[in-house]
Structure formats: C-alpha cells, structure tokens
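**Student:** So the chains spell out like this:
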Amino acid sequence: MERRSILKGAAGSAVIASTLGLPAIAQAQGRKILVIAAGQDIPNFDPHVATGYSASMLHRNTYDGLVRVVGAPPKVVPHLASSWTISPNGLEYVFKLNTAAKFHDGTPVTAHAVAYSFKRTLRLGKGNAWMIAGVVDPNGIEAVDVQTVRFKLLKPFAPFLSVLPWQFIVNPVLVETNKGSDDGQEFLRKNIAGSGRFKIKRAEAGNLYEFERVASPWLAGGNLDGAIWKIVRETSSQRLMVARGEVHFAVDLTSEDMDSLKDNPAVVRVLEPEFRTFSIKMNTAHGPLADINVRKAISHVFNYQGMLDAAGYAQLMVGPLPPGLMNDPKLKVPRTDLEMAKRYLAKSKYPNGGIKLTMVYVTGLEQQRRWSLVLLDSLKKLGIELEIKPTLWPDMVASTKTPQTTADFFPVYQTGNYADPDNVAFASYHSSRNGNWQNPVYNNPKVDALINKGRGEIDPKKRAAIYAELQQVLVDDAPDIFGVLEKRRLAYRKDVQNFVFTPVASNAIELQNLSLK
Amino acid sequence: MLHYIVRRILLLLPVLLGLSMMVFAIGRLLPGDPVLLAAGPNATKEEVAALAVEFGLDKPVAVQYWNYLTGLLHGDWGRSLQSRGPVLEDLKVFLPATLELVLAAMLIAVVFGILLGLLAAVKRNGWIDYSVRLVSLASISMPRFFLGLLLQLVFAMWLGWASLGGRFPLIASPPPLVTGMLTIDSLLAGDLPSFLLALQYLALPAMAMSLSPLATITRMMRASTMEVLQQDYMLTARALGIPPGKLLRKYVLRNALTSTLTVIGLYFGWLLGGTVLVESVFDWPGIGLYATKAIMMQDFMPIMGVVLTIGTLFVTFNLLIDLLYGVINPKVRLG
Amino acid sequence: MNESQAWARAYYRLRQNWLSLVGLVLVVFLLVVALAGNQLAPYPEHISGSVDTAMRFQAPSSAHWMGTNEMGQDVLSLVLGGARISLFGGLAVVVLAAVVGTMVGAVAGYFGGWTDEVLMRLADLKLTLPGLILAMAVAAALGAGTMNMVLAISLSWWPGFARLVRGEVISKREEVYVLAARALGAGSVRIMWRHILPNILSPIIVKMSLDVGFAVLTVASLGFVGIGVKPPTPEWGLMLSTARGFLPDYWWTAIFPGLAIFLTVLSFNLLGDGLRDVLDPRSRR
Chain A
1 MERRSILKGA AGSAVIASTL GLPAIAQAQG RKILVIAAGQ DIPNFDPHVA
51 TGYSASMLHR NTYDGLVRVV GAPPKVVPHL ASSWTISPNG LEYVFKLNTA
101 AKFHDGTPVT AHAVAYSFKR TLRLGKGNAW MIAGVVDPNG IEAVDVQTVR
151 FKLLKPFAPF LSVLPWQFIV NPVLVETNKG SDDGQEFLRK NIAGSGRFKI
201 KRAEAGNLYE FERVASPWLA GGNLDGAIWK IVRETSSQRL MVARGEVHFA
251 VDLTSEDMDS LKDNPAVVRV LEPEFRTFSI KMNTAHGPLA DINVRKAISH
301 VFNYQGMLDA AGYAQLMVGP LPPGLMNDPK LKVPRTDLEM AKRYLAKSKY
351 PNGGIKLTMV YVTGLEQQRR WSLVLLDSLK KLGIELEIKP TLWPDMVAST
401 KTPQTTADFF PVYQTGNYAD PDNVAFASYH SSRNGNWQNP VYNNPKVDAL
451 INKGRGEIDP KKRAAIYAEL QQVLVDDAPD IFGVLEKRRL AYRKDVQNFV
501 FTPVASNAIE LQNLSLK
Chain B
518 MLHYIVRRIL LLLPVLLGLS MMVFAIGRLL PGDPVLLAAG PNATKEEVAA
568 LAVEFGLDKP VAVQYWNYLT GLLHGDWGRS LQSRGPVLED LKVFLPATLE
618 LVLAAMLIAV VFGILLGLLA AVKRNGWIDY SVRLVSLASI SMPRFFLGLL
668 LQLVFAMWLG WASLGGRFPL IASPPPLVTG MLTIDSLLAG DLPSFLLALQ
718 YLALPAMAMS LSPLATITRM MRASTMEVLQ QDYMLTARAL GIPPGKLLRK
768 YVLRNALTST LTVIGLYFGW LLGGTVLVES VFDWPGIGLY ATKAIMMQDF
818 MPIMGVVLTI GTLFVTFNLL IDLLYGVINP KVRLG
Chain C
853 MNESQAWARA YYRLRQNWLS LVGLVLVVFL LVVALAGNQL APYPEHISGS
903 VDTAMRFQAP SSAHWMGTNE MGQDVLSLVL GGARISLFGG LAVVVLAAVV
953 GTMVGAVAGY FGGWTDEVLM RLADLKLTLP GLILAMAVAA ALGAGTMNMV
1003 LAISLSWWPG FARLVRGEVI SKREEVYVLA ARALGAGSVR IMWRHILPNI
1053 LSPIIVKMSL DVGFAVLTVA SLGFVGIGVK PPTPEWGLML STARGFLPDY
1103 WWTAIFPGLA IFLTVLSFNL LGDGLRDVLD PRSRR
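Residue numbers (the working numbering), protein chains in the order written: chain A, 1 to 517; chain B, 518 to 852; chain C, 853 to 1137.
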C-alpha cells in the first residue's frame, strides 16, 4: 500500500515535470544551459586521436584551432591566429597569434604550443592527422617567436587553411607533465588541456557530457553558462524531446522526423544542403562490374527517383562533386533510362543478365538498407539478382583490403570534413586510398594525376578547370552510382539565438555565440 | 549450518574458474578482425601490428588465457578497443544501471506475484484458474521490447506522464555516487525529490521487464500454495484454532516459497542477460547496451567482461538462494 | 496399455483442455501461413524486395489492410512473409538444440562417471551465461543469414535438453528391459537408440513444444537488434525495430509486426502447455 502512494507521488511529479519542461528548470536555477540530443558518444577526449562529429563538438568548444570556419558558403576566419601570410609558391605559411588567447590555466597560447600540437598530431598519426600528413613537413614547423609560427609544406596544398579548424592546440605544459608512456594519450582521453570557452563539468560515458563556461574566457560571445550533450540513440526520441522542449537541439533527425516537426510553432527546422555525398561504389577491379558496359548499364537502370523518395529531404547528385565545391553545372549524369541500360548490357558478356551480384551495407543504417532495396528492385529489370549482406562495420572495413574480398556494390558516405573539393576527390577517387573503405578499388592513373594537380594548384580559376576535367573523366568511367546529397536535418527550439548554419560539421554544435532567451 | 555454508561457497570457486575459461574460449573463437577497426581507417600496417601487440593478440592462446586470468584477479579486465579505456571502469559505470533495473523488476514481480498467486490459490474456482493461466501465458509470450514500445507509446507519447527514456532529468544533478543506483543513492543521501524523479524514470522499463517473471511467479505461488493448503498439517493447524494471519505467515508462505525461490533465482540471472532490448528502447545506459555496442564493433574484451560478470552474478545469486533455501527448509542442509 | 491406446487417451485429454485446442488451431493456422505465405499475400513481390516508393506510409485501407511501410511495401504481405522466417527459424533452433542436447545428455547419462561429470559441468556453466547476448555475439561474428542465426541461437539452447535427457536416461538405465538387452549382448548405441530413447520421447517433445515459442522470440530479438536475416527477407523483429522511428505517427508499421510476434509465441505456449498436461501429467499444475 505504501508502494501505491509512492507511485502516485511519482506520477504527480511526472505530470509536473513534463508540463514544465526542462528549459524551465534551467531558467528556474538562473543558469542558461543548452541541451543537445545526439546519437554519438564521446569516448575519447584527445583532440589528436578522436574523430566523429561528437568528438568534433567537444573539441571545437573546449579547444581552439588557428582559424575557424563559419557561414554558408563556408569562410575561414581568424581565431587563435589573428593574421597570416602565404608565400607566393604556396609552400610557406606564417601565422601571427592573438595575444589575448590563453589556456584554461591562465597561461598564454604561444607559438611553441602550436608547434607542439602539430608535431604531436603528426607523431601519433591518428585522428585528423590524415588531413595534413604528407602535406606539412614535420621538421618545418617552427615557433619563430612567442607569437609567430611558421609552417613549411612539402608541396603546395590549396585547402590548407580549410583543414586548420580541425587541428587543435593543446597546452604543452599539462600534456608533458602527464605524458606517461603513451605521449599523453591516457591523460587526454579523459582530461581537457585546452583554451576553449568551455570545459567539462561532468562526463557520464554513454550517457551525457556537461560543459560549463570557463571563468574568464579569452573570447566573449553568447550567454550560455553551460551545455549538455545528451546521447539519445533513437532519432524519434530526439524528435519528441525537441518537440516537447526537453532538449534545445536535436542533431540526428530523419526525413520522417522533420515532417513530424513541420507544424510545431516552437521548433526551428534546419534543412540545408551540405557537402556530404552518398554513392554506391562499384567494384571496378574484380567481378562482372570490372566491365564498364555493365557499370554503365546499371547506372542507367537504377531508380534514382525511388532513391530520392526513400531519402526524403535530399537532392540527387549531379556529378562526383557536390554543388558549391567546384562542381561543373554543365555535367551530364546518368538518369533512369531502361532502353539505354539494356543497350549497354547487350555490349557486355551478360546481355540478358543472369548473374548475381553482392552488396554490403552497415548493419543498422536504415537509409542504406532502403537504398539497397531500391538497387535490388532496379536490377531485377536487367535480370540481375542482388544479394544484400548487412555487415558489421569492422567486417566492412576488413573486406576492402583486396579487390577479391570487396563486394560488388559498396555504399559510402563521404563527409565534407573540410570545405574543399579536394576532400571529396582525394578521399573517394585517389588510388592511394585503395584497400580502404573510402575508395576500396578504383584506380585510374589519369584521375590520380588530375587530383594531384588540383590539390597543388593555388589559382582558383585554374583549379576549377582541373576539377571540371576530373569530373568528366569520372562520369565517363562510371566507377560509382552517383547517389544523393542528403540535406542536413537539425531542429532547435525557438529560444536558441544566433545559430548560424555552416555546411561543415554542422551537427558539431559550436556553443561560442549561442544564446538562450 | 556453518559447515553447509562453507561447503557451498568453496564449491563456487571451481565454477567461477570454469566460467572464466569458457568465456575466454568463446571470446577468442569468434571470427573477425577487431584490431583493424580500432586502428582506424588511416592506420598503417605497422600501427595495426603495434596495436595487436598492445592487446597481446600475437601470443599463443594458452598464454593469453593465463594473462587474462591473472589480469582478472588483479582488476585488469582488458581494454575496450573502441574507447581504449579499461573494461572494468566501463562495467563499474554501466552495471549499477542494469542491476537497478533488474532489482526493481524483480521487486515488482516478487511482491505482486506472491500476492496474486496466494489470492488465486485461496479463491480457487474454474473461472479464476483459467484467466490466471491465460493471462500468465500471455504475459510470458509478450515480447519485452514490444511491451516496452507500447508502454512508451501510451505513457510517454500519448499521455505524456513519463519521459521517453534515460534515468534522470538532464539538468538536475544526480545524488552523490555510492552504489551507482540512483534510487538507492538518493535515499542514502536523504534526497526525497531525487528519489521520486529517479523512480519515475525507472517505472516504465521496470514494468516492461517485470511482466514475464511476475506471471511465472504467480503461477508457481498458486500451484505450490494449493498444494500446501491440501496438506494434513494445514487441516490440523486450522482445527487447533490458529488465527488465519499466523497460518498464512508461518505455514503457507514458508512452505510455498521454496519452489518459488528457485524460480526467483533463475529469473534474476535471465533478466540480467535479458535487459538488452529494454535498455535499447528506453535508452537505459546499462551493460546490455554496452554489450550490444561492443558486439556491433566486434570488441571482444567488453563482450567477455559483460558475459563473465553476468555469469558470476548469476552463480553467486543462486548460491544465496540455495543458502536461503537451507534456512527455510532444514531438510536440505542435511542432504 | 499399448501405444495407440495411450495416444488415444492423450488426444482425449487434449480435447478436454480447450485453451490448448485454441493453441493447436492457431499453430496449425500459422504453419499454413508460413508455408503458403507467398501465395496468400496480396502483394507477394514486396516479400522478395520490390518497392513502391510513391506509396510510402499509407494508413491501413481496403487496398492495404495493414497499411504500407517506409518503402511503400504492403505491411500485411510482409507480416505473412515474415511468418516463414520466424516459425521455421524457431522450429529449426529447437530441433537442432534437441538433437545436439539429446546426444550429449544420452551419452552423459548412460556412461556416467567422468564423461557425465565433464559434460554436465559444461552444460551447467553454459546455462549460467546470458543466452541472448551470446547468441547475438556469435550470430554477429558469423555474419548475416538465417542458418547462421539458427546455429548461434541453438548454441545457447542445447544445455537445457542435455540436462533433461541425462536425467531421463539415468532413470531408465536400470530398467529391466535394458539389463535384458545388455545380457543379450546389445551394444550401447543400439540400447540407447532402440530401447531408451523411444521411452523418453514424451518429455523431450514436451520441452520442445514449450521452447518453440521462446525460440521464435529469440529470433525476433536478434532481428530487433539488426542481427540475423538479410534484406529483403521480412522478419518481424527487424520490422518492429525499423518502425520504432515512425512512432507515433505511422503506428501501423510497428503494431502489426509486434502483434504477430506476440500471437505466434502465445499460440505455441498454449499448445505446449496443453501438451505438457497431456503427455506428462506428473508435472501438471
């Protein structure tokens, strides 16, 4: 009987709690805490090791980079570096640091700290090191004086400034004191040695991370006292929580979720195009798809409209590069045309199909499951059977080691880690990425040459011409089924102010300038 | 009595040893290459090899087991390839959440199961018999994850009485950490509002977990109570004029409980390993979710850690049940 | 009494127990659906993977009794198609576990001594480990596919049968007819196969029938997590898991697969319960 009254009391407080909603609780305590619902955990805090949008969110708020990227189209703006010069041959960059910048312990952010951090990144070779590996000369990073740092590049690299927001500066004194035997990795896994506006107040692995503003930040902005990154695995739960005001931000919403939020007056929906491409890569090195006619046939039988319907808020790719990253608007890409598909197939060894192809996708990724069904349905029209294998991510990665073990169809999301065509071109089509999940098998020397030229060319007009040629070669070679560009789908409460959408890492919410009403 | 307890505890040790061996064998026999993922998509061959050495994967299996066992006893349960952190630390964080859920579910199941079972046995007639049987069969047939979704749909989405998931309101500070079980910790801190809040979040997932054991315990209690009620000594006791309350407590309950106790012990173990899907539905950060993530990443140290923990708890809990059995039923002690 | 009289008695008792009859009818119905699902389904092409993206998320109507899902596929057809996987998966698990468990248990019970000790310790240890988590881990490691899933689940299921059979074999081991057969020079295998096994069949069948429901539940549980069958094969657990994201708006994508699982498990449990009452009156409650 005592249990019943407890239950009644609990029910009562439940009603009260849910009608008030959490932002009210935050206000009641006088503190402005922004609550973000996201699906990804942050198991490792080390800025030179961890990757993923959740880690990026942590890093960009607790650490700083030389520059920041902001706005649509994305622009590089000064941050730790207040100004910089680039040598005419593009091989040398000199940055002058902002004297106001300081670490959480009060010491200033010096050129030595910058050099130390870059060297550590290259030394460990993990995390975002791939963006600068082979580009920055590890022996060419020099602290010229307390506020000036110089980088010597091994070869010209046009996107250099774009990758800098993701190279974070750590406090060398703290890291050295806690170096241990693994270069400070154990320490930085759980601790912050940064200069950002926020530090970690509470960390519950797999559950939530609470940020709080540091006592005297070196850069002002926004009125947030703190924020919470709450892990909510189900997108529908995220949707319901932002609809009911239990969280301020929901960053992993599906198209169905966005539809559900359409008429909610208290929620702002963000449906913006981004640079994240999705393509189905075909095995050009082994199996029936090594024949370009089969690939072209498949590119023309694929039900692009079906893929778009299943994707919801998205647009079809119009080439290997997304719009806004030097894509060529005059490019013609394959569209559903059964007659043309059959003609191509007739030129191959299997004019009537009769073969069975395999496709893998990551177990649990609902969108990829849908698109695999669209492919299966499309291939039926050519008499080709598709075997779909949901695979665990480690096995998918392992399968890309050799062309023989790679499946015929391999779906890939290519994230725009930095806003530059090189990001997509290099990761997706350069043969140095073979044996890797981003580009398992495709190898075309002509394409390699064009990509290398493109990343080394500083002049924007010449670059555009190079990438135009690259895209035409790629469309002619048909190594992928060019799929969709999903729009970024976020939602936030109306009382969040100053949110500016940037099509790079937009779900790694930057707390810097945000305010709560 | 002491002899019995000591004997049973000593028997525990070879069982635990066998458990560790079995778990290790299972873990190492699973196919797949987890080192590859942990190394990352941009790692070189040397880095992968170095990582394999770091995790001791290059030594022969017997040596690996010995290292594993000695490590276990020293508190080193391996590292998760994903977070690169110690598994034991992760378990300390996630286990209390699952324990809290299981204990709450068992509490509901035991309390209501015994009451309903007694009620059904005392008021026996054909109609009640059939409905209890049908309802309990329906209850154990209901998939926990479907039930969880339905509870969520009705109570969280339509009525708005409960939250969708999680253990505690986001902004509020949890009570100081003692056991890791929020309800108990809030009581220990004398913090009644936190206790009520934690209870509110615990309610739906505990209800989803409790239905199945509730049904079984009800049936068992009903059956064994009916059996007891028919015994001669009950007739004697009633003829001697012993009041019904005392009758219930001293004779019926004690004798009917013995077989139910076994079921309680078994269910505790089954629930521990069976929270996976309910934790997924309610976003309850327990070892079920932890194991699922590890399985999806072929991260075998966490998988083995979870399996070993559950096995050990199962065996220990059943030992306690056995001892309790011995207390209630002296015949067992002498056997 | 002879065998046919025993079965007649059993059937008579089953008929008296109307709940079990309901279970029997439902199970037969489900088996028919599982076998003929593709013919019964109004849109059989959806079961083999065809999609109709223009008809996504239609509410239940006369054209689609259970509505359509996120790819425009008819939910009723998918539910009917999923019956095959769930039922046969569940049955396969139980049969495989029973076969393996019986062999192990018979050997342990008949030969006794060290063999018995070792095998039973192994079985007992296995029983303490969390079955669902292990099945998930093994199925995930083996890869997608119905056979892999069945194998993985059976690995956790056999110890129960082993213990049961061992107990039964031990009790039958000293029966007169066994001693007589041994005196006549019959080998162990022959004795086990021709004399002991037929006499312990009914408890094994009872346990099998009681376990099918939970095997079906385990198959659905693995599907819910995303381990098990490969698309486009419909599976109720997977359908339920996908449909979670569409609650509460497109409730029909979740409710119908969930109810299908529930009714299937319930039918087998009703039947199993009745069979137990009938074949094994000792354990009647």
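A few of these clues could be false.
In silico BS3-like cross-links for lysine-lysine, where the CA-CA straight-line distance does not exceed 27 Å [what the hints assert, rightly or not]:
id, chain 1, residue 1, chain 2, residue 2
1, B, Lys640, A, Lys119
2, B, Lys810, A, Lys190
3, B, Lys576, A, Lys199
4, A, Lys102, A, Lys75
5, A, Lys401, C, Lys1082
6, A, Lys401, B, Lys810
7, B, Lys562, A, Lys126
8, A, Lys517, A, Lys199
9, A, Lys517, A, Lys332
10, B, Lys576, A, Lys126
11, B, Lys609, A, Lys201
12, A, Lys330, A, Lys349
13, A, Lys155, A, Lys102
14, A, Lys381, A, Lys262
15, C, Lys1082, A, Lys380
16, A, Lys446, A, Lys330
17, B, Lys767, B, Lys640
18, A, Lys75, A, Lys155
19, A, Lys380, A, Lys330
20, B, Lys810, C, Lys1024
21, A, Lys356, C, Lys1024
22, A, Lys190, A, Lys126
23, B, Lys810, A, Lys201
24, A, Lys446, A, Lys494
25, B, Lys810, A, Lys126
26, A, Lys380, A, Lys332
27, A, Lys401, B, Lys767
28, A, Lys356, A, Lys330
29, A, Lys190, A, Lys179
30, A, Lys155, B, Lys562
31, A, Lys32, A, Lys119
32, A, Lys262, A, Lys517
33, A, Lys179, B, Lys562
34, B, Lys609, A, Lys190
35, A, Lys389, B, Lys810
36, A, Lys179, B, Lys609
37, A, Lys381, C, Lys1082
38, A, Lys401, B, Lys576
39, A, Lys389, C, Lys1082
I should point out that these hints are in silico values taken from the structure, not numbers from a laboratory.
Remember, it's a predicted structure, so these values are computed and weren't measured experimentally.
**Student:** Is Lys190/A close enough to Lys126/A, meaning Cα to Cα at most 27 Å?
**Tutor:** holds, 17 Å
**Student:** Between the alpha carbons of Lys576/B and Lys126/A, is the straight-line distance 27 Å or under?
**Tutor:** OK: Lys576/B and Lys126/A at ~26 Å, within 27 Å.
**Student:** Given the hint that Lys517/A pairs with Lys199/A, test it: the Cα-Cα distance must not exceed 27 Å.
**Tutor:** holds, 22 Å
**Student:** Sort out whether Lys179/A lies within 27 Å of Lys190/A, counting only the CA atoms.
**Tutor:** Roughly 13 Å between the alpha carbons, so the hint for Lys190/A and Lys179/A holds.
**Student:** For Lys810/B and Lys201/A, compute the direct alpha-carbon distance and say whether it is at most 27 Å.
**Tutor:** Distance ~26 Å between Lys810/B and Lys201/A Cα, so the pair holds.
**Student:** Run the distance test for Lys155/A versus Lys102/A: straight-line Cα separation, threshold 27 Å.
**Tutor:** Judged against 27 Å, a Cα distance of about 32 Å means the pair is violated.
**Student:** Take the C-alpha atoms of Lys356/A and Lys330/A, compute the straight-line distance between them, and say whether it is at most 27 Å.
**Tutor:** At roughly 35 Å apart (the allowed maximum being 27 Å), Lys330/A and Lys356/A break the hint.
**Student:** CA of Lys810/B to CA of Lys126/A, is that 27 Å or under?
**Tutor:** Satisfied, since the Cα-Cα distance of roughly 22 Å is no more than 27 Å.
**Student:** Does the alpha-carbon distance linking Lys810/B and Lys190/A stay inside the 27 Å limit?
**Tutor:** Between Lys810/B and Lys190/A the Cα gap is close to 20 Å, so the pair holds against 27 Å.
**Student:** Can the restraint linking Lys179/A and Lys609/B be considered satisfied, given a maximum Cα separation of 27 Å?
**Tutor:** Distance ~26 Å between Lys179/A and Lys609/B Cα, so the pair holds.
**Student:** Is Lys517/A close enough to Lys332/A, meaning Cα to Cα at most 27 Å?
**Tutor:** violated, 48 Å
**Student:** Between Lys356/A and Lys1024/C, does the CA-CA distance stay at or below 27 Å?
**Tutor:** Distance ~54 Å between Lys356/A and Lys1024/C Cα, so the pair is violated.
Comparing the model with each earlier hint shows violations of hints 1, 3, 9, 12, 13, 14, 19, 20, 21, 24, 27, 28, 31; every other hint is respected.
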